[in-house]
Amino acid sequence: MLIACRTSRQANRRTLAAATRRAEVATRICIERAEPIVSSVSWSAYWRPCRDFFEADRRLVHRMVQLKKAWLALLRSPSRKTRQRIFCWRYFALLHQALDIARTERSRGDPIPVLQRIVAFESFPIDVRGQEGIAAGVFANRNPVYLLGRLQTQPPLPTPRHVPLVLPLGQPALFYCYRQLRLSEQSGTSLLVFPAVELRERRLSFGPIDRLTRLVSAEPDPRARRRGRLLARRVLLPLVRAQLGLNGGGSMSSFSILDIGAGTGHLAATAWHEVVRRSRARSLPCAAMHFVAASGPCGGRSFGMAGSLDGIACAEWTTGDYRDLLDDDSWLKARGPYDWVFLCRVLCNASTISVEAADELEDRGNPSWPGCNPAQCLAPSRQPDGAACLEVRPISCLLRSGITMPQLSLSDYFAAVRVVQAGELRVSSAARRYLPIRRFNPAALITARGQSVLAQLLKTSSAIVIEDPDVQPEHLTSHMRQFGLDRFAVIHFVRDGFQTKVRHYVIARPELVERLAGERLW
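Numbering-wise (the working numbering), the sequence shown opens with residue 1 and increments by one.
It is worth saying that the hints were derived from the structure and are not from the lab.
Here a beta-carbon is modelled for each residue, glycine too, at the ideal position from N, C-alpha and C.
Treat each hint with caution, since some may be false.
[Said to hold, decoys possible] 16 Å max Cα-Cα, derived EDC-like pairs, lysine to aspartate or glutamate:
no., residue 1, residue 2
1, K459, E316
2, K69, E35
3, K459, D486
4, K81, D385
5, K459, D339
6, K459, D329
7, K68, D100
8, K459, E360
[Stated by the list, open to error] Here are the in silico distance ranges between beta carbons for each label pair:
no., residue 1, residue 2, range
9, A73, P370, 20 to 28 Å
10, R432, R481, 18 to 26 Å
11, E219, D324, 27 to 35 Å
12, E32, R277, 42 to 50 Å
13, L72, R382, 19 to 27 Å
14, R108, E474, 43 to 51 Å
Put together the whole structure using the sequences plus the hints.
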C-alpha cells in the first residue's frame, strides 16, 4: 500500500499546477515512484504533422493562428470568462471546419491524423513506470471541452462530467469521465482523470488513477457526505424500521455492513452515522464495517486511516475484484453474516459506452443545430447572448437506447471522436448529432465463474442495498428471473419526495420488503 506524506503531496500538486501554466502542450504524465512527471511539446511540434492538410486551405491556417493566440491569452489569464469563450470559439470553429472539409473534399488527403490531433488537444495518457494500465487526464482550466461547460449563464458545480470522453494522442480506445483532483484551491485548478472505456483495459486503468490520487490528495470523495445522508434518509432508515418491526420492536445487539466497491469507505460510514443520529430513541449499536475495494485504503482519504473510527465499532479492508471474491463461499462464510450489503455505484463501473447518433434527443425538442454549435453561437457577433444557446448540461438523460447527457453542443467533437476511433469518415454524417451512450452491463451482476452476485450475497446477508445511476428496474428483474431468485423480493424507491437521478433498490426476503414503501419489482 502506497502512503504519501503531506509534504510530498503538496510538492506533487505544485508540479502539476506548474504544468497548467506552461505554454506547451502536455502529452503524458508518467508516475515514477512517488512523483508525477509531466511531458510536453511545443505548439509547433504538436501540430507539425497537420501542416500539409492545413496549408492547403488558407482558412484553416488562419483558424490555427487565431487558436494559438487565444490559447496563449488563456494561459496568461485562465479564469477570465472572455478569454475562455474566445478560446472555445476558436477551437470548435477549427474542429467544425476541419470536419466539414474532410467530409466534402475527399481529394485533400487523409484527414484522420488531423482530426486525431484536434480531438486529442489538451488531453494525455497517464501511466505508472513498470506497471500495466493506462488512464487519461486533462487539465481542466485549459481543456476546451471542459471550459465549454463553464460558459453557461448559470454553470453547475465543476465536475469531470463536463468532459464525458477523451481520446489522447496515440491511444486506440476512449477514456470516460471519472474523478476530479484539485491542484489549487485558490485558482480552482484541477486535473480530471479517466479510466479506459474498453472493459478489458478498464480494470488496469484504475491502477494509475489510484496511485496518482494518493500522491496529490488526502481528501475523501467530496460528494460522499451528501450521498450518504440521502441514502440513509431514503433507504436505510425505512429499512431499520422494517427490520425492528419484524423483530417485534426489539433493539439490535450488533450490526454489520459489507460495502462492495467501497472506495474510501466514507459513504457507508456517513450513511450509518446519519441512521444512528436520526434513530437515537432506538439505541442502535455501533456497526462493524467490512470494505471491499479494487485498491487498498489510502492514508488520509480512506475512512478510519486517521486512527479514529468515529462511532464505528471496527473497520476491515479487503482488496480485490468483487466478482472473484464472491465466487469463494469460504470467504463469505468466514466473514459473514452481514445485516446489510452495499453495492453503491460499483456496478456502473462495468457499463459499456459508445458514441452513437442521438436522434431521439433532438426529437424531444432540444435546441436545434446549428443554433447550439459553439462554432457559431460563441462568435463575438453573437455575444453577450450567444453563450446562453449552449447545450452542455452534465445531467443524465434516459433514452430508449441507454443513458446520455444532453450535450448537443459537443456533437462535432463526438463525431470526430467516432471518426478517429473507426479510422474512416463514413461512420459520421453532418446531418446527425452524436453523443456518448452508456448501457448497463449485465455481467456486473455475475461472478467470474458465472454465479449470481446477488445470490452469493444473499447467502450471507439480510438485505442488499443498491445505489446506481445505470441499473434500471428491468435489469434487476431479468437477473432475478435468470438465476431463479424467487425466494427474494426487490423494491425500487420511487415517488417518495426525493429528487435524484440515482436509483435506489433493496433486495431482501418478501416479509421485509413488504414493509418498505416503493415500487415492488419482484
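Hints, one by one, checked against the model:
Between K459 and E316 the alpha-carbon distance is near 20 Å, which puts this suggested pair outside the 16 Å criterion. With a C-alpha separation of about 32 Å, the suggested pairing of K69 with E35 is violated against the 16 Å cut-off. A C-alpha spacing of about 14 Å is found between K459 and D486, which places the hinted pair at or below 16 Å, so the restraint holds. Pair hint K81 plus D385 holds up; C-alpha atoms about 14 Å apart against a cutoff of 16 Å.
Our distance criterion of 16 Å between C-alpha atoms is met by K459 and D339, whose separation comes to about 11 Å. At most 16 Å may separate the alpha-carbon atoms for a hinted pair to count; K459 and D329 meet this at roughly 9 Å. The suggested pairing of K68 with D100 is violated, with an alpha-carbon distance near 21 Å, which exceeds 16 Å. Proximity of K459 to E360 is assessed by CA-CA distance (about 42 Å); at most 16 Å being required, the pair is judged violated.
With their beta carbons about 26 Å apart, A73 and P370 fall inside the hinted range of 20 to 28 Å. Taking the beta carbon of each, R432 and R481 are about 36 Å apart, not inside 18 to 26 Å as hinted. Take E219 and D324: their Cβ atoms lie about 30 Å apart, and the range 27 to 35 Å holds. Our hint of 42 to 50 Å for E32 and R277 holds, since their Cβ atoms are close to 45 Å apart.
Roughly 24 Å separates the CB atoms of L72 and R382, a value that falls within the hinted 19 to 27 Å. Under the hint 43 to 51 Å, the C-beta atoms of R108 and E474, about 47 Å apart, fit the expected range.
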